[in-house]
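Engineer: As given, the protein sequences belong to chains A and B, one line each in that order.
Take 1 as the starting number for the first sequence in the working numbering and just add one per residue.
Take 1 as the starting number for the second sequence in the working numbering and just add one per residue.
Each hint should be verified, as a subset may be incorrect.
Not everything, but these chain B residues come out facing chain A in the computed CB check (under 10 Å) [as the list claims (entries may be wrong)]:
id : residue
1  : D110
2  : R113
3  : P124
4  : V125
5  : P126
6  : Y135
7  : P194
Some chain A residues flagged as far from chain B (calculated, every beta-carbon gap over 12 Å) [unchecked claim]:
id : residue
8  : E213
9  : T225
10 : Y262
Please keep in mind that the hints were generated in silico from the structure rather than gathered at the bench.
Idealized CB from N, CA, C, for every residue including glycine.
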Amino acid sequence: MSKSRRARNRIAQTTAFWLFRFATYAILAAATYIFLDIGIKGSRTLFNTQGPFINVPFFTQGPQTLFVFEYEGKKYTLSDREFRAWKAQHPVEVEATSVAYSAGGVWPCIVGTGLLVVGSMIFALAVGICSAIYLNEYSQNTRSIRLIRIAILNLAGVPSIVFGLFGFGLFVIFFHWNVSLLAGWFTLGLMILPAIITGSEESLRAVPNGLREGSLALGATKWQTIRKNVLPYAIPGILTSSILGIGRVAGETAPIMFTAAYALRDEMPWQVQHWTDFVFQGVMALPYHIYVVSSKIPQNEYTERMQYGAACILLLLVFAIALASIVLRERTRRRLSW
Amino acid sequence: MVVMEKEEIPHPAPPLKLQKPPEPEPRQPDMISVEDVDFSYSAHQVLYDVNLEIPSRAVTAFIGPSGCGKTTLLRCFNRMNDLIDGARITSGSIELDGYNINAPDVDVVDLRRRVGMVFQKSNPVPRSIYENVAYGLRVLGATKKSAINEAVEKSLRAAALWDEVKDRLDSSAYGLSGGQQQRLCIARALAVEPEVVLMDEPCSALDPIATAKVEELIYQLRENFTIVIVTHNMQQAGRCSNYTAFFYLGRLIEFGSTSKIFSNPSERKTEDYITGRFG
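With the hints as constraints, model all of the structure from the sequences given.
Structural biologist: What follows is the structure, encoded as structure tokens:
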């Protein structure tokens, strides 16, 4: 090999190496910036410099309107409730600026998002695992099965706002469920179903065929084989793939804005007249709350405080749920590893 | 073309170094009979007009070069080929103890309990040694602890594994050596008390010492079970089988007592194969 060619090779080698390295670190930088920005600005809302150090009202109250005014040279920022109490004590006229949703907290939103995640994940996992078992263990490679697979792939590519409109048309209007948890569960569940099916099928496929054949050869039925020799080893993988689904369900705004989310609701979800009303009530949800607060004009330091606080909570919530499923996965994996 | 050798011909001298030349035994009644079987994977035919009578309580070995259809035929006996898309017997019939195993009213689950199988790659489940053997009993509905304990011990003893594992029945089956795992799979197959045990190259992944143990086990098991073994290793067929069937390109070339096939084959192809001229 000539000297110049060797030098050229070395340059190409170095360039490729740095290109790949740069791309990888660029992702890291972007992720760090996003997390730090939301984390720092959000923690200003979540935590206090004195007292219990945690902004208790932010975690326990619903959103309220914030009133800002000056009185006797002092600046006041009071929530709706506090402002009314203050006015009762001070019978004077003050010029107060009101900023919607910027006082109080996000407790109903946390509860609502939690309910939406749990309900839609139960629905999606139940249907998704069943159809993955059917597709991977029972079905033969016929034309209709290929068609179903194409349909699942296409479903994965449908924009979330289209799911929102579909849920609005079918569940909210046609089924007369109105804006309700039930409509939100099915809409969100259908949205992540393709991801759950694909992930579950992959986990099922990863179980060695020898385990199936060994069990069948002993005179076990197909269902016994799947229940005892296939599913237990596929469950950790299924849980891993569902973590992504949890993140999407908790964070999507479009599918719930017409089907399940209220901009403001004073009652908590458990304050229903009859227990059957529970699934037919709309709830507040974190991503929709962030959207509502952010689309309020004018923006100022008070609205920003609420936006970043809610965003930070949403991140923490998704992180906590993901962590829980990772712990669950590790436990099952340790019990049944090969 | 197929030579059915009903009576035993004592062989003059073994052509291969047999550790333990099987003594001629009176032929037992037939357990499996294969009649004019053609078999295809979708459009690709792999078995042509196979006729074979497998005697009970004896070891029958299938030999032949790769791709000759011996494993396919073996997997027909417990209908394991049902699991493969497009695989089917296109003509002919297979009878187990006088019953057509492909008849529509045959319960395939019941058939597989009667016809056990040991695979090329040992496939214990990632659970304890005890649970591996008890699994077959449990799927059959056994719930009595004492009965399961008894059956597990009996099967492990039958598979010559009991003394090696009796103190660690609750530890994972994956902690066993390759040979032990394969014997565990044999024990698991024996636990449900099948009549026939099919073995698909059971020693192909084992070292010579483990192979010797498994071969000895196979030879002993013939007293209680009908055993059909597929092997690539001709010495192995010579050492542990009573009857040998030689397959070539999807046809049964010759079937007879092992001593006859190895010492005095009637077909030229058989002789060429066992003397290593091809294959």
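Engineer: Which numbered hints does this structure break?
Structural biologist: 8, 9
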